[in-house]
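With these hints in hand, go ahead and build the complete structure from the sequences.
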Amino acid sequence: MDNPKRLIIIGAILVIFGFVAPFMMVLGYLQSTFVLNFLSYTASVVGVFLGMLGAALYVRTQRKG
Amino acid sequence: MAQENPVSLRNALNLLEKGDKAGAKALVVQILIADSDHEIAWVLLSYLVEQPEQKRDALNQALRINPGNQKVRDLISQLERIPRPMPARSQIPVIPSAQPHKPVEPQDPPDLRESIASQSVPSESDPKTRTGEPDSYPQAALLTKAADYLKARDDAAARTILHEILAQDPKNARAWYMASFVMKTQQGRIEALYRTLQLAPHDQKARVRLAKLKVESEQQQQARSLPVSQESKFDWQAFKRIGKYVLRRGLVLFLTVVVGVYITILIANMGGHVDELIRGIVANQLLAIGQSEAFDQIPVDERVAYMEQMEWQLEESMGLHEPFFLRSIRWLVHGLTLNLGEVHLTSWFGVVFSGPDATAQQFVKRHLPYTLLLIGTANVLFFFTSVSAALVLSRKYGSWMDRVSAAMASLSSAPSWIFGIFLILLLAGGLRVLPFPKAIDLNYADFSDIRYIRLLLTQMIMPVLAIFLSVFFQGIYAWRTFFLIYSQENYVEMGRAKGLPAHLLERRYILRPTLPYVLTNFALMMIAMWETSLALEILFYWPGIGSLFVKALSSYTQTPLVIAIVVAFAYILVITLFVLDIVYAIIDPRVGMGGENRMAFSVGARRKFIFRRWLHDLVTGVMDFFRGILDWLCSIPTWFRRLPKGAAGMRTLADSLRQIKKFPSAIVGLAIILGLIGVSIYTIYAIPYDKAVELWRAHGSENGRSVWAKNPRNAEPVWFNLFRREKLPETLILDSRDPDVDVVYEQKQNGMTGITISLPFEYDYDTFPDEITLFFESRYVAKMPHVSLFWLTPDGREIRLKSFSADPNFEYRLSLDDKLSRKLNGLSPAEGLFIDPQSQAPMPLKGTYELRVEAITFEEDSQIDVEYVLYGKVYGLAGTDHHRRDLTIALLWGTPVALAFGLIGAIGTSLLSMFIAALGVWRGGWVDATVQRITEVNLILPTLPIAIMIYFLYSRSIWVILGVIILLNIFGSAIKNYRAAFLQVKQSAYVEGAIAYGASGSRIILHYLVPRIMPVLLPQLVILVPGFIFYEATLAYLGLSDPYLPTWGKLVYDAVTNGAYAGYYYWILEPLMLLMVTGLAFALLGFSLDRVVNPRLRDI
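For the record, the sequence lines run as chains A and B.
In terms of the working numbering, the first sequence has 8 at position 25, counting the first letter as 1, and numbering is strictly consecutive.
So the number in the working numbering is just where the residue sits in the second sequence, counting from 1, plus 740.
Everything labelled a hint here was simulated from the structure, so no lab data went into it.
Do not rely on the hints blindly, as some may be mistaken.
So, partial list: chain A residues that the calculated Cβ filter (under 7 Å) puts toward chain B [claimed, not checked]:
hint, residue
1, 22
2, 23
3, 27
Stretch by stretch, here's where chain A covers chain B in the computed footprint (C-beta under 8 Å, at least three residues) [unchecked claim]:
hint, segment
4, 1166 to 1173
5, 1188 to 1202
6, 1305 to 1316
Predicted model only: the values in this text are computed from it and were never measured.
All C-beta atoms, glycine included, are put in the ideal place defined by N, C-alpha and C.
So, in structure tokens, the structure goes:
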């Protein structure tokens, strides 16, 4: 929470997972299950949330006045 | 209204403008004491101080904070040219400089140090403090020297001298006081001041300084210890708290899913759709059994009895004999697990899928990853661009980029499929860098084939971009707005002035209040994105669950699949809300700690839940609600009578207009809306509803001919010619009944009459016409008139076209005459008759043409008239469609429909939400709890899929669908916002006063609570309008609209499904542009009104 860059990186990883997992399912490399589908969606949403949080913290630490 | 913090840079600048340099300097110094990393304050200080060395020092501080500030570098280099005075250090205003993240001991401002030697410090001449030592004179000299060192910031030298003095005279109060400036630690300074006050108890200066140091010390200790103490306890306590909260929210959300799915099943089964479906499955199974060869050997009576028994057993096993409630519970369990049996679905290419592998669950599993792939990719794009944009925009606040992003946010209210169409027209139609959307049939796709992967990726680009565009600007705007609001709040300034470390300030004072709004906004955006993905997938033939849903709905037998997809949508929405809840819990520990979020029927509440009380509350609540609305409606005339009259009324109006006038965007928005209202009034007056509906039906006829027969097909608007180099032909109609037309009659023998009709016309266009048709009307008793047609070109050629006998309504489609085409060397008649024989390239010959009709009638009263129609390539203000219909009618009628849909939806939703929220707040208890629970359940109900389901299963009227959408939106997020506002208003003194004098519940709600919220309601209502307009367009685009009423969305649907991509872009662009302009107008007005009623937004 105190490290914006770490938040952004974790968010980026989750968001990318939210893209890669359905892509693998679409290509048939992973079997499509409800758990995996919902997990990938959750990862994508959480990733964006964390990214926003990290960006907000980062911007505030950079921006003064 | 927020009050401005007196200690702010703006005030310092104001003082500087007024010429009060000293005052400005004092303020800047205070700002720098609070925040030593304030770059602008340092730069400002460099203007306020006199000495070059002081200026240089201030600028160096600014450069330390922002090494990239070129202007500061330039200023320093200018200063470098000025020779440094010696000794300069004593003149430098000493401001504590602290490195970020490394708190240092606060030092004293310069004025204190400079006043040490001269002001109220106890001196040796003071008899009260004089030590009476004989060597006081040398001590005085030493003290003066120490004071000089102190002023020169040479603390080490001062410390040495003071140490020497105090070694000789430990009771020297002045030395102790001076020592309080040079001690290395805060504690040491405080100790020194205690000693000073012991020796000189009346020293006010020392007392004040001691108090100040003590406060600073406490604050620093607090600031240092808080994160540490929190962190040391955080892991376990926070884990427990968040864990509890997550569990509780998970349970509540699961219950809301159960209720939501049950509601969905009830909607689907209303009228027995699901039961009929199960009976159909039973019948299919019986049919399969009946076709078995084993049955042939059984006697017919036994066979019938056996089948009846089998039918009963099958129905029993499927629960059809159970009471409705049990049946619906069985369906609920199946619905929650998506275990809804087999489905039979036709693929894109017409193949029917059925059998054990084709269950609803399998279908959803197969198609869901495709939708997730679109959303996931859009999220990746959104993630990386929003982070970058946030960085850029936060540094360039107020720049053109910032303004563009704010302006674009107004357009982001449009659904993703509208952006999708624009992208198709641009990237596939205009630039041709991407192919037009193609259907991907999963049943024939070879997933491992690289061509499939390439196709998939190529087809993904435009839908992903469309989703991204529909969320990006809106997201950035929301983020930026709320962030700016809260970073300017007084309590943020106060926190900074208190000396709180930056990271604590960010987290507690800015992020905590800001992020819930931003995250909620984002979560709602995600929910809207899911809903509009239905239309997007249809547009791009994307095989996700959106297109599967619409496909399943188009077949009445696919109700299980429809329910399964709605449930999948509900799960997705629940996940979004659940993630949002968890993030709330992490960023704001207050969430879930109070009792507000407890379940409505908790143990404490249950004690009070006596049936009589409940019944009384219910009846009173409902009666209050309806009586209140009635009262309110009755009070409207009184309210109007009470409006300020005459000059006062004009003043009030002028005041409001003056407020609006400050926002040019509001004026633009208002002007567009007024224009649209004007167009609506004109349309309803000029083309009444019945006439519009009649005209818009392609089969409308007039005298046996289609009313649109004389219009060109797919013609562009006439005004397109203004922007074209090659002028397109306009439609030309010449009628022999026109008095200007030359008709020659020649009596012949045997009652025959020769009629020659000359129809000359100018042709001055650069391209050939599309079609030419002659409409004949002949009157005769027995023998049809005989007609010969001749074509005369400007260069003197005469071409015989055709000879024939004309029946009463004969139509000669000249441009489709194959015989004539052969005569014209294989060219189509529309081209061959106009071609310039001398030109190399096929160009029309410009000049005067003539069509000569030579007819012979064989009876005395026989007559023949002809109408010559040359179909152009441009027509009217809006062009025509594939049915030759004038698009102006649909565009005109689309205006009142869109406005009515938008306004009724927005007003209905806003007012009902507000009344229900007011009722909940006022009644409190179970009424409020019920409203809250309904809202939570409703949040997970996907509005658009349910509206579509109702359209297919129950009613095809857009007004019924509007009612459903309003009903589903009443209990939306708005109700929570209104509730929060009403809770505040309820605490007001005048409401308490009203309660005290015995005002009724309805009176308090409608006369005291609601009017206070009205100013907030108005902008929100205006902002809601585009959402409803786009809802109608989305439904119409999906083919779910009133079958007769022409609307903008229906026009887009017609265009996309009837070949508008083949170059007839005007057909799509006109309704889309009107949709966008209308949405933009309401958004501009709404945002401006929001600023009028919410002053915090004015500077943003």
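Tested hints:
no.: 1; hint: 22; verdict: violated (9 Å)
no.: 2; hint: 23; verdict: holds (6 Å)
no.: 3; hint: 27; verdict: holds (5 Å)
no.: 4; hint: 1166 to 1173; verdict: violated (count 0)
no.: 5; hint: 1188 to 1202; verdict: holds (count 3)
no.: 6; hint: 1305 to 1316; verdict: holds (count 4)
Consistency note: the structure conflicts with the earlier hints numbered 1, 4.
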